[in-house]
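J.: Chain by chain, the residues:
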Amino acid sequence: MELHYGTHYAGYVKNLNAGLTDATASGLKLPATDLTGLIRSVKSLPAQLNTTVRNQGGGAWNHALYFKHLAPPASPSVQAAAISPQLKAAITLSFRTVENVTAELTAAAGKVFGSGWAWLCYTGNSGVPLAITTTPNQDNPLMGNLPGAPAVKLAGCTPILGIDVWEHAYYLKHGPKRPEYLADFWKVLSWQAVSANYAAALAGNVAAMVA
Amino acid sequence: MASGRVINLARFLGRAAEPAAAAQSSALQYSTVGGVAAYKLPDLPYDHSALEPVISGEIMELHHKKHHAAYVTNLNKALEEYADAESNKDLQKMISLQSAINFNGGGHINHDIFWTNLCPEKDAAPPSGELLAAIEAKWGSLEKFTATFSAKTAAVQGSGWGWLGLNKETKALEIATCANQDPLAAKGLVPLLGIDVWEHAYYLQYKNVRPDYLKAIWKVVNWENVAQRYKAAKA
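Residue numbers (the working numbering), protein chains in the order written: chain R, 1 to 211; chain H, 1 to 235.
Okay, chain H solo, but in the shape it has when bound (with noise of 0.2 Å):
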């Protein structure tokens, strides 16, 4: 049993996540204890009520704190399981355990990228050069990106993500929408900027009003690092 083995995450989420956009800001934190690759949750990059009045500091806390650590946890589980199925060639146990390194693997991936999507209203900035125009030329405008994005977004039925990706064939701009955690990379889109659509993520704060939500979170929209992913993801 090789110490300090590195389980790659990306093998079972469908299409593999891009490695370039993976080693710059969204590298996934683990460390090795005991030999076993444990994945680590992220501290923000900004306080817990950093991005009021848009998102209130209790939904951020309970969001990061919470349901994201329980990814990680979650997935760390799975994966431990997973390595002892394997080494002991148990393939039913190993089949059995995909879902929850689905969900839990996922879940962790989209909310690494989405705190870094967003940053305190006063440091958010429209975006612009590459990126601007390559909204401008898909969707016409920036403000006809949102409302088309915002729709979608606010159509998605249960759990979900709503996300502007980037398709690698074509190097075009699209926006998705994923249900669940299922990872935006098993579209063959390299994610950009994510919005979170659980209701975990607005409901203490906007109730039932998705809608709402998805207006007011444009405010705290980091274009900066959607910026640095767009780029990352074209190299």
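Chain R with its partners taken away, still in its complex shape (with noise of 0.2 Å):
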């Protein structure tokens, strides 16, 4: 956790704010002057900004995601519990119940080759507003689809969990059998942030997840 926090994602920050500092110096508009919607608008980008934004807003982006929705696995925010009606009405529409959507996104983890992270998504589609999507490397589904790169499902939709499964994010403890961090990983998932998350979305108010 301390690598991780301290380290990983601490230089994420820093060499964003380094090279968005480099571009406007140079007198670049930016078209986004928040987080969420630098990602978002990572394409528009020019060289080699959009490549900074991409690796290391998009790893900015992902791990304030990620450390926002994680609790010590005695908090009460980590029960079932403390979804909220909203969210779970709407994983009973997406995937039945909490276990489905739990092992299917666990499998999807699993399967993400090289570095990446696993994605459950608020599609903006009432009947089905919730799905799963995987990313490579800090790519994230807020950036779309980007050229030069493999089409992601579910692109330009609202991430509200996000699962790290570069090796950085359990090497230490589990080696490389991910499948056991994987199991760690649900003990300590906050639903409480992930509802806030999914009402966020719902709101439309994606900058809030990461603020």
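Please keep in mind that the hints were generated in silico from the structure rather than gathered at the bench. Just so you know, not all the hints are guaranteed correct.
[Said to hold, decoys possible] No more than 30 Å apart at the CA atoms, straight line, and that leaves these computed lysine-lysine pairs for DSS-like:
{"#": "1", "chain 1": "R", "residue 1": "Lys173", "chain 2": "H", "residue 2": "Lys66"}
{"#": "2", "chain 1": "R", "residue 1": "Lys111", "chain 2": "H", "residue 2": "Lys207"}
{"#": "3", "chain 1": "R", "residue 1": "Lys111", "chain 2": "H", "residue 2": "Lys152"}
{"#": "4", "chain 1": "R", "residue 1": "Lys187", "chain 2": "H", "residue 2": "Lys207"}
{"#": "5", "chain 1": "R", "residue 1": "Lys153", "chain 2": "H", "residue 2": "Lys187"}
{"#": "6", "chain 1": "H", "residue 1": "Lys77", "chain 2": "H", "residue 2": "Lys66"}
{"#": "7", "chain 1": "R", "residue 1": "Lys177", "chain 2": "H", "residue 2": "Lys66"}
{"#": "8", "chain 1": "H", "residue 1": "Lys65", "chain 2": "R", "residue 2": "Lys173"}
With the hints as a guide, bring the two chains together.
T.: Pasting the structure below:
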């Protein structure tokens, strides 16, 4: 946790800020000044700022979401009872049960090859409001489909839950055994935070998830 | 159904791996069990602890006996499923298996080369002769080559590899990087020296400081092996 938060995550923030400072020093106007806005607009940024925002900005956004929705294993927020009625209804519509959504997300996270993330996303579709996707490296569904990258399922949708499967997220404790990390992950996942993320997604206030 | 059929990995991996390079010390070992070819995890040419202190024995054991072994197991599984799909003329299934063959086959090829590219520090000697001349001609000096290689490889986003390869057409040396386990051969280069920068290759020892790992690893590069591959690739 210390390395992940204090070094990896911190590194992404530092590098993003440095890249933005450099780019704007030469007079470039950014299309957005908040992190979420930048992530959404990554495709429209000039090279090489687009690479910096994709890799470092993506890293900053993704880890912001991740750490905000973790909680100590003893806390009530990791219990299924902490799932809001709104989120519960969405899970029922999309996956029928909480067991199903965690099983499918775990399976998706297990299948990611190389570095990347598995996401539970708000689709914007009232019939099936939640769905699962994965992205490589520090990409994020909010970035949409990126040139030169394989098409992303649910491109443009809003992640409300993210599982980091870069090896640094688990290697010191679990070595190569990603399935064991994934089993542990659910013991510290705050359903309270995910419920708040879902409410924010419904309200169109994505930036609040990473504030 | 032919008995003892051999599945040629190369056809799944973009441009075919150089037969000349494959024929010498880097030939992937396989055996025929029950009529289906199975790739085998090679032994390391040295003990797991032999590359200390540059790469810890713990990393080498996990890397070889867990990560590389998993690529071999999963490759064989995917190839078996592919053979079944082929005999059932199930084209959709064949296509859906290609990414697993790419990942795991690439992982097997890459690590098979990697173990031979390394040797204990006491046995490592700098490059000489034609290989050194070619490196100096292209980058000015060995130091400039290793600095350039390390910088490009450190910059790989996420998981991947840095490579010194030979361009088959121009016969020139090139530095390239690949994502995940994508094989270098797909870029038209013959792999000579590869450095794994998946986090599992260094994290237990170097944590996130990939540049430190890249600086240290030159002490255990087996330039003799690189020279052999260079000679075979030019032939």
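J.: Of all the hints given earlier, name the ones this structure violates by number, lowest first.
T.: The structure breaks none of the hints.
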